[in-house]
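Undergrad: The lines below spell out each chain.
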Amino acid sequence: MKLELRNITKRFGTLVANDDISLTLKPGEIHSLLGENGAGKSTLMNVLYGLLQPDEGEILIDEKPVKFYGPGDAMAAGIGMVHQHFMLIPVFTVAENVVLGHEPTGKIGNLDLNAARKLVKEISDRFGFDIDPDAKVQDLPVGAQQRVEIIKSLARNAKALVLDEPTAVLTPQETDELMDIMRGLAKSGTSIIFITHKLREVQQVADRITVIRQGKVVASPSPKASASELASLMVGREVDLDVKRKPVKIGAETLVVKELTVLDDRQHQMVDGVTFSVHDGEVLAIAGVQGNGQTELAEAILGLRKIHSGSIEVAGQDVTKSSVREVLEAGLGYIPEDRKKDGLVGEFSIAENLMLDGSFGAPFAKGVQVDFAKRDEIAEKLIQEFDIRTPSAQTLAKQLSGGNQQKVVVARELGRELKVLVASQPTRGVDVGSIEFIHEQIISARDAGKALLIISTELDEVLALADRIAVMYRGRIVGIVDSKTTREKLGKMMAGIAA
Amino acid sequence: MSKIEVTPGMFSKAETKPSLKAPITMLASALMVLVFFGFLGKAGNITYVWSDKREVVQLPVYTVNSMFFCIVLGALLLAIGGISLVINLQKKRTPFWLIAIFGFIAMMALLGWLATGAIQGVQMIFILSNTLVLAIPLILGGMAGLMSERVGVVNIAIEGQLLTGAFVSAVVSTMTGNLYLGLVAAMIASGLVSMVLASLAIKYLVDQIIIGVLLNVLVIGVTNFLHSAWLDNDSAHLNFPGTFDKIAIPFLSDLPILGQVLFNNRITVYLMFLIVPVLWYILFRTKLGLRARAVGEHPLAADTVGINVGRTRFWWVTIGGMVAGLGGAALTIGNVGSFGREMSGGQGFIALAVVILGRWQPIYVTLSALLFGFTIILRVWANQVSPGIPVDFITMVPYLVTLVAVAGFAGKVRPPAASGQPYEKG
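As they're listed, the protein sequences go chains S and G. Take 848 as the starting number for the first sequence in the numbering used here and just add one per residue. Take 631 as the starting number for the second sequence in the numbering used here and just add one per residue.
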């Protein structure tokens, strides 16, 4: 099947998410769509999948124009999509998820789950997936869930498969396995659109590359192009992702976590007897694939989540049972992993967001009243210092770009007297310019002698920032290693294999 | 290299003690039975009557001494509570059948204590069959709530739907002289009320709770107005439908105890017998059910496989409303025989609780509704057999039973993940 997107334009209000984008996909090829977060990749794919209607342009299959009014139409035309956030129902079994929407039925309209199991088994065997059709999806590891998504598309005879940032949730080993699966699929005639912002993967697997920047196609480099070439095309200028830093001068242990165990509501030990400490003047990075207990660890340290057993100490003070406010007052700063949900109030102005954790007293409040003049003065200062690109301090936080929103959070946390900073995914969904800036800020806080705990699922980020690296797997720390450790070894640790 | 040890599944399970709620609740209630019904109980005899006079098979009547019998039952309950505690200490959960046996014995003690010295004795057939009849609106209301929550719409308007069904069935039946027409009209009318909820919630994304509350207030107001301004003037021609005749199913209705309770009933009861298992089958064994549950768990995922989320929600909520309409009809032409102001009396709200207690499963919801039905008849019956007991205490018992059931035994519940969340296409 030959698939073509011709002159697609999609606008949201004044924002042009896709500006006259054209793209072709030949049978059996892996076409990589490369671009930064917010470049318009996902919008384009949602147009292709019928979730959005284009304002201009058309989709052609085998030279014939088609119109998709919903995902059902796209699927019927042979397009399958593996979304970044899986579209699986956690409480259903694999078989139920795979057949949902095109269920095999018996004589009286009853579900024929045996046929469904057979279908899963057959596809699973054909590509060597090793998936149990009767397993509940919520009990499967993420890598297996992704394979269920692929099976789901193949079960509908998808001829073209869109993989949207498929490696974000995978260990390096699982990523390699996925690359093999992609090559296998391509060989059997399935064409693949591979959306990513990771250059290494593009170089590994792509037959063709299209780079998108700010909603426009900027280049179609050869798959042999170098990483720095691809990076500068993607960002639009020369990029230097190496962070310069001085040799580490280690001080006292400021954050001490001992035998920490944290449960989720199903009584699973999301953090399982974790012990580590962070010294002044060092960055300890927690690496690991998403969903291995990092979120719970960060929330437990801040006091957002109940601690089952173990202890936490901040600057010599036991905060195991402390409230969030007490932890903050002990000198801890916190950058949450989801800035839109936990980091900012979108409907508040930047100035208001910058005083969120200091609303109890000086300098932001006089008695019960907010000191507006002081608030705005501090806001202006932080906007300058942290290079927040905004029309004014009174602009609503939700109107900023992802990168600038994140800078607001970073400015708020680093803008006050801190002893420890806990940062979860400090640069997720942020443009490369902001990544560089935020990394510089983190390192300068380290050089100023603060203790930093960085939690990141991006190995590149971990390697760029860390003095020491702790790898988390299924709630436990597999090992704590120094920053010279190879990618390969870290990858193995991320899959639970201790050194 | 060695793989880090982790139990199968994603994360290892914490070693947590099972909750002590069940054993403590059991032991406390056992002590209450022993002390209040036994040692401090009433002198006199209890008569347990297991058969109706009209029945073919007559079971013998048991007469026992009240204090002695309640002490025996209390001791038994203590023993069961003890077993539960032992099970708990072995870090296991108290099995459901043990709780059921406990509940049955405790119920016998309560009934016996209430009826001590009463001439008519403990009339089991009367109690059980009325439990069933009174539970019908709750069960059908519960099914309505379940159908709509399973697809992700919270239906607070069950109360209004029951009341609509009750009103329309009474009026239409009287005017046409045909009870079946009344039944159908009730379903249509309540279906329409539900349709308002469905379309406002799904199409216009109005807050589901607010619409539900508004619909309830609206229906109560309209029926009250019509009742006083219209029905009261000529109730013989407008609000005097009578009830369905009881249909005894041949042979089955001759079974001892169960025969009279289950198989000598009005059509509304038999319809419930049909609706609950059919709904269970559709929900868990057909593609319609699979799709409905998918919509209630993860609407976006359902949308991406081509399921029309809005349409699915609309029809499940609407048909749920029709089932609630049937429940409303069961109040009038299935039981009382005429419409009274606000006669649903909060049962729509109890139905909401029943859905949660029954964990969104048709069979469990039915069982929970029966428990509530029992508490309603208990209040009525206790007043007859035991006039000495303060009315306030008897009125309290149903809520006490409910509280114990919910707090003591119902574990943590997980509603459909997208329940109450509007779905908007990007």
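Note that these hints are calculated values from the structure, not bench results. Note that the structure is predicted; figures quoted are calculated from it, not measured. There could be a bad hint or two in this list.
Cβ-to-Cβ under 8 Å is the rule here; a few derived chain S residues that face chain G [stated by the list, open to error]: (1) Pro918; (2) Met922; (3) Ala924.
Heads up, the beta-carbon is just placed ideally off N, CA and C, and yes, glycines get one too.
Undergrad: All hints, please: hold or fail.
TA: Structure-based check of each hint:
The beta carbon of proline 918 (chain S) comes within 5 Å of a beta carbon in chain G, closer than 8 Å, and the hint placing it at the interface holds. For methionine 922 (chain S), the shortest C-beta to C-beta distance to chain G is roughly 6 Å, which falls under 8 Å, so the interface hint holds. Proximity of alanine 924 (chain S) to chain G is violated relative to the hint, the smallest CB-CB distance being about 12 Å (cut-off 8 Å).
In summary, the one numbered hint that this structure violates is 3.
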